[in-house]
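**Q** Protein chains in written order, with this note's numbering: chain F, 200 to 531; chain C, 1067 to 1164.
Since the hints were derived computationally from the structure, they do not count as laboratory data. The beta-carbon is built from N, C-alpha and C at its ideal position, and this holds for glycine as well. Hints may contain errors.
Have a look at the derived ranges for each label pair, beta carbon to beta carbon [claimed, not checked]:
#1 C/Asp1072 with F/Gln294: 17 to 27 Å
#2 C/Gln1080 with F/Lys362: 51 to 61 Å
#3 C/Cys1130 with F/Gln433: 50 to 60 Å
#4 C/Arg1091 with F/Pro237: 47 to 57 Å
#5 F/Asp465 with C/Gly1161: 40 to 50 Å
#6 C/Gly1114 with F/Ala289: 18 to 28 Å
#7 F/Gly430 with C/Asp1083: 27 to 37 Å
#8 C/Cys1130 with F/Pro237: 27 to 37 Å
This is what each chain is made of:
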Amino acid sequence: MAVREAVALTDFSFVRAFALPETPGIDFLDALLAGNVPKIRFGRVLHTFLADASGHLAADCFVANNDQEFIFLCESILPDVEFDALLATAGLDSQARDLSADHVVLSLDGFKSWEVVKQIFGADVVGLPYLSIENYQFAGEPVRFIRAGKTSEFGYLLLAPVKIAAALFATLQAEVAKRGGRLAGVDAHDALRLEGRFFNIFQEGARVRDPLPLGLQWMIDFEKEKFSGGGAIQQRRTAGLRQKVIGLAADAGCAELKTGARIFHDGQPVGEVVAACESQVLHRPLALGLFPLELAFSGLEFRVGAPTGAVIRSISMPPIMPKSLLVKLDEM
Amino acid sequence: MSENTDQTILRRRQVIDTFKQELIRRLNLPYLPEDLHEDVSLLGSGLGLDSLDSLEIVLCVETCFKIKIPDENISVLRSINTVVDFVLEQQDRNGGRP
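Sequences are here, hints too, so could you generate the full structure?
**A** Written out as structure tokens, the structure reads:
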């Protein structure tokens, strides 16, 4: 609840980070990723994905056009060796810098997170639009600052050199504590993403793998000639969608709505739970389920776990109204 | 499927199809209707529409369904599904009439 009511700080250094020179980085990334990299305006960030050759998800990515460089952040579900091999096969060359070894990624999220960054980096931070990048200094070192949370509250990713990581973390932590916030583990973000219906590659992404049933078409530029896995994805798109992931909710106390559970309708198995959490906001279990297209609508009743199991309902997502959506810029 | 479930799906599908087609036409979105997941975020992340686009969405609902979205009700515009929920609720309040 720290994120919903105040602010939380999380070490996101599991995120792989790369810096590529504008040339040839722009062409490399465009040939690799599903989104249109040349269309990213200066100072802006694209949310897209990296697929393997069969068009299955490998990483959830942010690409930022940051002056003379492109910053490439990846939440990968592949082992590092496989992920590195995928990039090498795609042609990642020696001009690209892997920042993962000497940088940390910190995630600051929450209704009051803008107060923390304003205190440390200055008032102009507040004006940054969602999916933008800016460069700031901390203790004389550059901090790449990306507004790109996945909780539906205000959120920032800070990419900082390891040499200032401890000092930056301590400063952030102190400011977070002043506002009633706290440190949060990465696991807490699973529930936050589900409540906000942000794609989570470690949950539903890892179970489903196909971006189309997951509803990630908005991350794809279908007019691009090619990208990694693009041919396979186009083929599946042309063949027609057969399944779709939709939101589910159960009454408080329902223990059956958990990842992997089967879903029944009229006594027949029709779907599977692909992500689940206990919502701290709604005080009941929430989930995502993979359904055949003809049943992928909100407002329907199902049973979970067994044909006579607990009643669950398909719901419209996102089911919560984040506080941050109610804050006006001139009030910040 | 029960008749009740069939009717629920049919009614919802009609509103979704109408709204998606009009949304794509008005905003010139580079997608087919089936590319737009009903839970995709309309503003900010997802489709990444801006405040001007949100006015188009409001007009789209008014034109297609003769239903006005109040200025203060921004929560309606979070996803296609939340818009559709609002349309169905308003139709129910009007006794099923547009």
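**Q** Would you mind marking each hint as holding or not holding in the structure?
**A** Now the hints, each set against the structure:
1. The supplied range of 17 to 27 Å is broken by C/Asp1072 and F/Gln294, whose beta-carbon atoms lie about 59 Å from each other.
2. Under the hint 51 to 61 Å, the C-beta atoms of C/Gln1080 and F/Lys362, about 60 Å apart, fit the expected range.
3. Separated by about 30 Å at the C-beta atoms, C/Cys1130 and F/Gln433 break the suggested range of 50 to 60 Å.
4. In this structure the supplied range 47 to 57 Å is violated for C/Arg1091 paired with F/Pro237, their Cβ-Cβ distance being about 26 Å.
5. Remark: the range hint 40 to 50 Å for F/Asp465 to C/Gly1161 is contradicted by a beta-carbon distance near 30 Å.
6. At about 26 Å, the beta-carbon gap between C/Gly1114 and F/Ala289 stays in the expected band of 18 to 28 Å.
7. Distance hint check for F/Gly430 and C/Asp1083: the Cβ-Cβ separation is about 29 Å, which falls inside the suggested range of 27 to 37 Å.
8. Between C/Cys1130 and F/Pro237 the C-beta distance comes to about 35 Å, which sits within the given range of 27 to 37 Å.
Checked against the numbered hints given earlier, this structure breaks hints 1, 3, 4 and 5; the rest are met.
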